[in-house]
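Number of protein chains: 2
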Amino acid sequence: MDEFAFIDSIKQRSYKQSSLLKGIGDDAAVFRQTSEDIVTAVDTFVEGVHFSRDTMQPFHIGYRALAANISDLAAMGATPAFFLTSIVKPESWHVQEVEEVFIGMKELANSYGMDLIGGDTVSGKELTISITVIGYVPGGRARYRSVAQKDDIVFVTGTLGDSRAGLHLLTENNLYEHTEFFIQRHRTPTPRVEFAKSLINISRIALNDISDGIANEAAEIAEASNVGMLLYDESIPTSSFFTQFSMKQQHEWKYFGGEDFELMGTVSRQDWPSVKQAAEKTNTNLSEIGIVTEKNKNSNVFIMKDNIKQGLNKCGYTHFR
Amino acid sequence: MDEFAFIDSIKQRSYKQSSLLKGIGDDAAVFRQTSEDIVTAVDTFVEGVHFSRDTMQPFHIGYRALAANISDLAAMGATPAFFLTSIVKPESWHVQEVEEVFIGMKELANSYGMDLIGGDTVSGKELTISITVIGYVPGGRARYRSVAQKDDIVFVTGTLGDSRAGLHLLTENNLYEHTEFFIQRHRTPTPRVEFAKSLINISRIALNDISDGIANEAAEIAEASNVGMLLYDESIPTSSFFTQFSMKQQHEWKYFGGEDFELMGTVSRQDWPSVKQAAEKTNTNLSEIGIVTEKNKNSNVFIMKDNIKQGLNKCGYTHFR
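Protein sequence lines, in the order shown, are assigned to chains X and W.
The opening residue of the first sequence carries number 590 in our numbering; numbering runs sequentially from there.
The opening residue of the second sequence carries number 590 in our numbering; numbering runs sequentially from there.
Hints are supplied without guarantee of correctness; some may be wrong.
No distinction is drawn between identical chains; accordingly, a pair holds when it is met within one copy or between any pair of copies.
Straight-line alpha carbon distances no greater than 30 Å define the calculated DSS-like cross-link-like pairs of lysine-lysine that follow [unchecked claim]:
#1 Lys600 to Lys739
#2 Lys611 to Lys884
#3 Lys714 to Lys865
#4 Lys739 to Lys865
#5 Lys837 to Lys786
For the record, the hints were derived by calculation from the structure and aren't laboratory data.
If you're wondering where the values come from, they're calculated on a predicted model, not measured in any experiment.
Using the sequences and the accompanying hints, generate a full structural model.
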């Protein structure tokens, strides 16, 4: 199969987005959006760095890569519309396996009515997937991390640490229970699009998606908003079977595990009931986990654990170290 | 330098596009465009496949990668507005060299008032650059390759084969003249944005940019428009000093060389004077090189050379072979 046949094989037969004027098949795609703001982000995933074939099927690799990108749109309050995908294909990967990656992406894309409108497929030494997503948000309603204010309630959706636990279960042979739940959370996470969209009537709300661990996301919101944050350790939500892991693992995974693709945010006490309503309406677990404080001197984020207040460093994974 | 410091180093201090609401620094960028259509494309470049450090400085690699993407926007008649860049950085590349790649991109971006609004920098085995560009085109004026009609004039801007000749000069030690011209055409090509924008008043015009060689682009227009094409070999424009290369090289490079990032198109005889005016206004070389015919049986594109009509196969470089 050459590149043209491959592109033809992944090309959609029809498009779902009414704003799309031209999909794949010209020098570029064209769309029209006159009523809403446009949101866009890009993320890149490299085999051996971001994923391994030992723990993920090609289907999961595609699914999760797109989920990570959609999660960025959710963190802006946006509705996913389009995606463009670049794939670098090494000889060790069969074209059929790369197709499986796309099938994984499409499975998730279809559930949001997203269209694949562009891409590039080239040869190289290691499988690399780069995805650009485009979404729409009602004018002026994009959710920035820079709007947190002192006395805001800090909240988070879902449970944390599950994805990291799933990775652990895929690489360790110890006997654990409910492994499927954690593995599914790792391989096919669900971005919180519907919940974020349901916050539409709230004028000010800070949102971040949890890609690098809540410690990192909390620090990002605090820094961008020039505030501090105090999180209550016992309020950080974890799943029922999370306690089977060691205390050290639980602590590390819920704060630094990342890739849960839940949403973390801050909102005024006055608007907190609306956030709770949005969670109920969209069947989303929601937890109040802390409070926004004045900017602190040494650490932007503190946790209260066993009645001791301690600084929480961001330990999200960073490249170029 | 860690990833955050690197992102900070490439982040623009201010943005030029008035339609931008949020640049780098949140989960995604946000912009608003209520009057024009939005055009987007992605292209990926891998070291050793698309470029080599033997023939390009990091600056040129960035410059040319973005030029290739802007050329896609030009082929749609669009004005460049934004770009997002993903870079996979191997250990063999210093962070400073990756910064040079960005400086090359920014040099070209600045000349179009483009803003860098997103990106991702990750570790990997080989330098890989993936760029997504976003541009604007007046409503309904995006230029599709599918609108060519029988009896249209086929035209091309600039001269062809120069970039391939430049690559040859960078890898061969033979004595040639005017090497700087060809090398510059290879390393820092100029997309034909202004020319394409000046065609605004023409209602129907097919456009492709020449990334894979004119043989391939002609075939793409012919296939998409369900027509045939006859090109006159002696009309294919080449630069003054192109004749110093062998006849075989000249033929191969002008038809299959690619990466000249000139524009090829077809337009009705009636609108041809407007195209010529646009070329004059933007100081662009323009050549009439053929005519659109009815769809042919065996080959979509023919050339007339030495009074003999022969089929022209597309021999653009394709991956996955």
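**Request:** Any hints from earlier that this structure breaks? Give me their numbers in increasing order, please.
**Result:** 3 and 5
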